[in-house]
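Trainee: Okay, here's what each chain looks like letter by letter:
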Amino acid sequence: MKLPPKLKIIIAGVLLVSFFLVLNLTPAKKEIKNFFYLISSPIQKTLWRAGDKVSDFFEMVKEIKNLKKEVDEHSFIDTLRYAWVNEELKLKIQELIAENVALKELKRENEVLREALKAGLEKEFKLLSVEVIGKDISQDSLLVSLGSKDGILKDSPVINQQKALVGKIGAIYQNYSKVILISNKEITFDAKLSDAEIYGLLKGEGKGKLALDLIPREKEIKEGDLVVTAPLGGIFPKGLLVGEIVKVLKSDVKAWQEAEISPAFNFKELDTLFVITNFK
Amino acid sequence: MRNFLILTLSLYILALFQTSFLVYFDISGYVLNFILITVIFVSLLENPPKNLGISSAFIGGFFLDIFSENFLGFWILISLLISLFIKFIFRKHVRIPIIKRV
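Protein sequences appear in the order of chains S and Y.
Using this note's numbering, read the first sequence as starting at 13 and increasing by one per residue.
Using this note's numbering, read the second sequence as starting at 131 and increasing by one per residue.
Warning: the hint list may mix true and false statements.
As the list claims (entries may be wrong) - Taking beta-carbon pairs under 10 Å as the criterion, some of the chain Y residues facing chain S (in silico):
#1 A145
#2 S150
#3 D195
#4 F197
#5 N200
#6 I206
#7 I208
In case anyone wonders, no lab produced these hints; they're calculated from the structure.
Glycine residues also receive a C-beta, built at the ideal position from the N, C-alpha and C atoms.
All chains should be built: construct the whole structure from the sequences, respecting the hints.
Mentor: Here it is in C-alpha cells:
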C-alpha cells in the first residue's frame, strides 16, 4: 500500500516528536551533549577568547571615535585652535600613555588581589574553580569546565572572585556543567540591601537584567544601594553581593515598590568562576 | 554525499561560532542566528526534488540544541518547520526571479 505524501509527512512528524520526547526523558540527552562539549570545547574556548579580544578592540575604536568627535567639536573655529587642539592631543596621548602604564600596574596588582581574594574565599567556603567555556546570552546561562565526575552538584551556588553571586548549577554532564545565571527568568531568591534591613524578592528578568520586587513601600531605597543575598530562603549563602540598584520603581497603586538591579558581574568578562560545594 | 558532509561541517562550525564568538556582539541580548539564516538560504536555493534544505534544518537545529539550554529537538522542530514552509508553501506561491536554483 502506498501512502499519500501528506500522510507520510504527518507520520514522520509524529515519529520525530516522539523520538525527541523519549530522548529528553532518558539520560541519553546528557551523554550526547557531553560528547559534543568534549570534542568542541577547545574550538569553543578559542572562539570565545577571540570574541572577547575583538569586542575589546571595537570598544577601544569606539572610545577613540568619541575622543575624536570631542576634539572636532572644538576645532572648527580657526587654525589657531587647531594648533591648540593638536597640543592638547599630544598632552592627551602622553596622559594616555601614563594611564596605560598605571593600568598595567593595576592589572598586575588586581591579579595578585584576585589570588588573595580567592584565598580569602576559600577560608569561608569550600570551592571548586571552574573555567567558562561557553556563554549563551539569550538563555542567561554558561557552560563551565567541570562536571559530575569532578564532584559538581546540582543547584550549587556559583560566585566570582569578588564574592559576587553569578548563578547556580543547572544541568550537569559528565565533564561539564551549565550555570544558570541569576538573571535567568527561572531564578528567584530573597535578597536585602547591604546596609539596611530591607528585604525583597530578587527575580531574574532575562537578557542579563535583574529586579528586586516586593520591597515594602514605606522603606527608603535609592539608586546606588548595594543588594546582597539574604539568609532567608536558603538557596544561596547569605551576604553574597548581587548588584546595585539603578532605578527605583514606585507606584501609588502598588503596595510594594520595585527596583531595577544591575548585576555585580559583567557577563562578557566572566572567565574563571567558583562553585561553592559545601553549602546545604 | 559530499554536499551533505560539507553542510554538516559548515553548520557545526557556524553553531560554534554563533554560541562562542557572536555572544560578544549581541543586540539587546539577541544574537544573530546564522544557522537559521543558512537553513533559509539552502531551502530557497535548492532544487525542489533535493532534500538538502530539510537535512540542513535537521542538522543545524540539532547543533543549536546541543549548544543551547533548550530541550533536545526544540531548534530541530523550529528549523524543520521553516524549511518545510519554504519548500512546500512559500516556493509554490512566491517566485523570486533573482534566486537561481542549484
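Trainee: All hints, please: hold or fail.
Mentor: Evaluated hints:
1. Because the smallest distance between the Cβ of A145(Y) and any Cβ of chain S comes to about 9 Å, under 10 Å, the interface hint for this residue holds.
2. A least Cβ separation of about 4 Å between S150(Y) and chain S falls short of the 10 Å threshold, and the interface hint therefore holds.
3. The restraint placing D195(Y) at the interface with chain S holds, with a minimum CB-CB distance near 9 Å, inside the 10 Å limit.
4. At a threshold of 10 Å, the smallest CB-CB gap from F197(Y) to chain S is about 7 Å, leaving the interface hint in force.
5. Hint status for N200(Y) relative to chain S: holds, with the closest Cβ pair at about 7 Å, below 10 Å.
6. The interface hint given for I206(Y) is met, as the beta carbon of that residue sits about 7 Å from the closest beta carbon of chain S, less than 10 Å.
7. The restraint placing I208(Y) at the interface with chain S is violated, with a minimum CB-CB distance near 12 Å, outside the 10 Å limit.
Of the numbered hints stated above, the single one contradicted by the structure is hint 7.
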